[in-house]
Amino acid sequence: MGTEQLPGQTYEYVKYPAVRYHATEAPRTITSEAQEEKGWHDSPVKAAADLQKIQQKASDAAVKEKEAARKERAAAPPPDSDPDDTLPDPEEVTAEDLAQSAENFGVDIEGLTDEEAVAKVKAHIEENFDLSDGQVIDVVKTAGRYGVDIDGLTEDDAILKIVAYLEKRPETTPLNGDVPPEGGAVDTDKNESEPPSADGEQAPGPEIVDTPGPAVVIPSKSAVVKMKHADLYELAGKLLILLPSDPNAITRGEMITSILKIKEK
Numbered sequence: 001m002g003t004e005q006l007p008g009q010t011y012e013y014v015k016y017p018a019v020r021y022h023a024t025e026a027p028r029t030i031t032s033e034a035q036e037e038k039g040w041h042d043s044p045v046k047a048a049a050d051l052q053k054i055q056q057k058a059s060d061a062a063v064k065e066k067e068a069a070r071k072e073r074a075a076a077p078p079p080d081s082d083p084d085d086t087l088p089d090p091e092e093v094t095a096e097d098l099a100q101s102a103e104n105f106g107v108d109i110e111g112l113t114d115e116e117a118v119a120k121v122k123a124h125i126e127e128n129f130d131l132s133d134g135q136v137i138d139v140v141k142t143a144g145r146y147g148v149d150i151d152g153l154t155e156d157d158a159i160l161k162i163v164a165y166l167e168k169r170p171e172t173t174p175l176n177g178d179v180p181p182e183g184g185a186v187d188t189d190k191n192e193s194e195p196p197s198a199d200g201e202q203a204p205g206p207e208i209v210d211t212p213g214p215a216v217v218i219p220s221k222s223a224v225v226k227m228k229h230a231d232l233y234e235l236a237g238k239l240l241i242l243l244p245s246d247p248n249a250i251t252r253g254e255m256i257t258s259i260l261k262i263k264e265k
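Quick note: the sequence shown uses the working numbering, first residue 1, plus one each step.
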């Protein structure tokens, strides 16, 4: 029991027991000053204000966490679409792989350590080729597959040389190496002027299952070379080039050479 003097009047009030309110806990009754604790208020409005501050603080923390995660993702290098587009780390590369890569690019690595050799090959690639879309590596793979020497050539010249080689070969096989399904032999298009083979039979034609319709327009050579993998796969399908069901089972270089081969005709 206590008293409080106000101007012109006197009244009595009871301080304890009294109900106190908290932002995150149920109201409770306290009986003495010793039970007063931080965070408890004599008004539910004050407790609600506390709760709003707590919620705002949690919201701000969540926003900061999301922003930090976004910046971390932006700073991280993009994943390689094709693991073969770049050389592996020095600790993962085998001596055979390293020697093959150096040979493909015409780089002398004799007497160098693995790390020095990888660095030299990478430097040669960066100085002489545009790897923005992974297309050079595909061309090199294709050239190696068919045994075409493209050392010292630009990418466009290398592609043209591969195309010329494929056109001169006595016979060709489907790009993915698969045998056409039974009853679905490759149509070599008898209207094409193919040179006869030694036994008088018509020599096999290019890797196409039929002559593409007139609605298919093949872009310029430079445009074809710059096309992305998915676009090349779609164009090759429209041109009726025999393709594997999995787009990743065929390289860009292989599709480019086949498309340009058809364009030359």
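It is worth saying that the hints were derived from the structure and are not from the lab.
Check the hints yourself; a few may be wrong.
Claimed, not checked - Straight-line distance between alpha carbons at most 27 Å, and here's what the computed BS3-like set of lysine-lysine pairs gives:
1) Lys238 / Lys226
2) Lys71 / Lys46
3) Lys64 / Lys122
4) Lys221 / Lys265
5) Lys15 / Lys64
6) Lys161 / Lys226
What the hints assert, rightly or not - Pairwise CB distance ranges, derived in the manner of DEER restraints:
7) Glu110 / Ala223: 21 to 31 Å
8) Lys238 / Lys141: 36 to 46 Å
9) Leu51 / Ala74: 27 to 37 Å
10) Glu33 / Gln56: 48 to 58 Å
11) Ser220 / Ala249: 23 to 33 Å
12) Glu36 / Gln56: 50 to 60 Å
13) Lys238 / Asp60: 30 to 40 Å
14) Pro77 / Ile54: 38 to 48 Å
15) Gly152 / Ala119: 20 to 30 Å
16) Val45 / Lys15: 36 to 46 Å
Glycine is no exception: its CB is placed at the ideal position from the N, C-alpha and C atoms.
These are the hints, each one checked on the structure:
Restraint check: the Cα-Cα separation between Lys238 and Lys226 comes to about 18 Å, which is no more than 27 Å; the hinted pair holds. Among the hinted pairs, Lys71 with Lys46 is inconsistent with the structure: their alpha-carbon atoms are about 38 Å apart, more than 27 Å. Our distance criterion of 27 Å between C-alpha atoms is broken by Lys64 and Lys122, whose separation comes to about 39 Å. The straight-line distance between the Cα atoms of Lys221 and Lys265 is roughly 13 Å, inside the 27 Å bound, and the hint therefore holds.
A distance of roughly 44 Å separates the Cα atoms of Lys15 and Lys64; the hinted pair therefore is violated under the 27 Å criterion. This hinted pair checks out: Lys161 and Lys226 have alpha carbons roughly 17 Å apart, not beyond 27 Å. Checked against the hint of 21 to 31 Å, the C-beta distance between Glu110 and Ala223 comes to roughly 40 Å, which is inconsistent with it. Between Lys238 and Lys141 the beta carbon distance is about 24 Å. The supplied range of 36 to 46 Å is therefore violated.
Between Leu51 and Ala74 the C-beta distance comes to about 35 Å, which sits within the given range of 27 to 37 Å. At roughly 31 Å, the beta carbons of Glu33 and Gln56 sit outside the given window of 48 to 58 Å. Between Ser220 and Ala249 the beta carbon distance is about 27 Å. The supplied range of 23 to 33 Å therefore holds. Evaluation of the 50 to 60 Å hint for Glu36 and Gln56 yields a failure: the beta carbon distance comes to about 26 Å.
The hint said 30 to 40 Å for the Cβ distance between Lys238 and Asp60, and at roughly 53 Å that hint is violated. For Pro77 paired with Ile54, a C-beta distance near 39 Å keeps the hint of 38 to 48 Å intact. Distance hint check for Gly152 and Ala119: the Cβ-Cβ separation is about 21 Å, which falls inside the suggested range of 20 to 30 Å. The hinted range of 36 to 46 Å is not satisfied by Val45 and Lys15, whose Cβ atoms lie roughly 19 Å apart.
Violation of the numbered hints given earlier is confined to hints 2, 3, 5, 7, 8, 10, 12, 13, 16; the remaining hints are satisfied by the structure.
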